[in-house]
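Enquirer: Sequence:
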Amino acid sequence: MRSHLLNDTTAEQYRRSVTDGVERVAAKIATIERPFTGVSVDALAPAIDAIDLDKPLHDTAAVLDELEDVYLRDAVYFHHPRYLAHLNCPVVIPAVLGEAVLSAVNSSLDTWDQSAGGTLIERKLIDWTTERIGLGPAADGVFTSGGTQSNLQALLLAREEAKTDSLAKLRIFASEVSHFSVKKSAKLLGLGQDSVVSIPVDHDKRMQTVALARELELCKQDGLVPMAVVATAGTTDFGSIDPLPEIAELCEQFGTWLHVDAAYGCGLLASLKHRDRLNGIERADSVTVDYHKSFFQPVSSSAVLVRDAATLQHATYHAEYLNPRRMVQERIPNQVDKSLQTTRRFDALKLWMTLRTMGADGIGQLFDEVCELAQEGWKLLAADPRFDVVVEPSLSTLVFRYIPASVTDPAEIDRANLYARKALFASGDAIVAGTKVGARHYLKFTLLNPETQASDIAAVLDLIAGHAEQYLGESLDRAS
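So the number in this note's numbering is just where the residue sits in the sequence shown, counting from 1, plus 952.
Quick caveat, the hints were computed from the structure, so don't treat them as lab data. We put the beta carbon where it would ideally sit given N, CA and C, even for glycine. The reader is advised that the hints may include incorrect statements.
[What the hints assert, rightly or not] Just the calculated beta-carbon pair ranges, DEER-fashion: (1) 1172 <-> 1142: 19 to 29 Å; (2) 1337 <-> 1079: 49 to 59 Å; (3) 1146 <-> 1294: 23 to 33 Å; (4) 1090 <-> 1172: 20 to 30 Å; (5) 1090 <-> 1207: 15 to 25 Å.
Could you build all of it, start to finish, from the sequences and the hints given here?
Expert: Structure follows, in structure tokens:
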């Protein structure tokens, strides 16, 4: 079995095996015609259930043959221009190359003696990002597994900085369309979901600062502690950006930690045209960024950034076998001192390879293209009487609903939209997401592929309308 270990004696086998895998994936990407085959759970599950993991195939070529049947053939391919569903981006080649390198070398970014070089590369990228945000010379941060972990760590720091012995008094303020991880983090931090005060949004799905000011004042009057305000720069459902300067003013007035969840909107940090949409983010105490959303990086690639590096000490724990206290005096850079994780992949390498190959302007140009595509899509939807579109996009998300001319029952329209999304997915022709606006069901395009064209959007809208009309026609037939 030692023949499968990657070392000096197996380097040639490694080259052949990886090349074979890359060639198969490249061939698949070059030939797929739809983002999905439409396979169902019931159709695919038996093939995977039938595999006996205690009977290995002993040959990577045979394993790749098998993988074609249980994964590659039916995978959802985000690079296809008609994948329009979730916050999944197509990835850039330099980052994929970085993924191959980091997996093979297998550095763990917790301590310097496991990641010499890698530690410094990650720190350089953290500094680059905090400079783009404008957090100041004392800023720092660390890479994380994603936005949920970044938000959790940011709120952990805010909880500790609130300096109160009564967790029951702590309150977090976030808009009603903020990410679910805010409430999840509150629960994990021992605060409970009730500690999160939901602030209403305006017509553009942005936090209402008048309502926020009122709730902060009530919090103080009731003897409670306004622990943090979470402003969102790119909500998951609408891509809306909260009014950051006004929120920052209120946080300063009430002495409240400001966290900006820019997991989605962080692409604007590299934008050549729309960077001003993030004005005010430089006043945050902490910021979440997901490079694997709008920097076109493979999952995972995220970070939490802070204005004051000293606050990261709230996540520090010294273990004698790993990062003893003496290493701080010896100026040995151990990233585990800042992280909720111990063992951690060298995900920063992917962004490093991307910046060194394409530059920030290259990333920004791609993100600007999808934002402009969303504007085109909004115009198409606004001019099409078959659809109701909720809000003009701030980033690259469109939320809309098919509205038939002959049906007025909202519940029946809901069912038609739900059916259209499900039928479209089953066909594999395109993939769209769904959400609720109020009590009603809507569909959602999340546009993160610069290869997607307005013609793709128009074609998918026709497919949605066709499926919805089929459902309504069948529904009328059943009713009669």
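Enquirer: Hint by hint, say whether it matches the structure.
Expert: Verification of the hints:
1. A C-beta distance of roughly 22 Å is found between residue 1172 and residue 1142, which places it inside the suggested range of 19 to 29 Å.
2. The supplied range of 49 to 59 Å is met by residue 1337 and residue 1079, whose beta-carbon atoms lie about 51 Å from each other.
3. Judged by the Cβ atoms, the range 23 to 33 Å given for residue 1146 and residue 1294 holds: they are separated by roughly 32 Å.
4. For the pair residue 1090 and residue 1172, the supplied restraint of 20 to 30 Å holds, since their beta-carbon distance comes to about 28 Å.
5. Separation of residue 1090 from residue 1207 is about 19 Å and conforms to the stated range, judged on CB atoms against 15 to 25 Å.
In terms of the numbered hints stated before, the structure departs from none.
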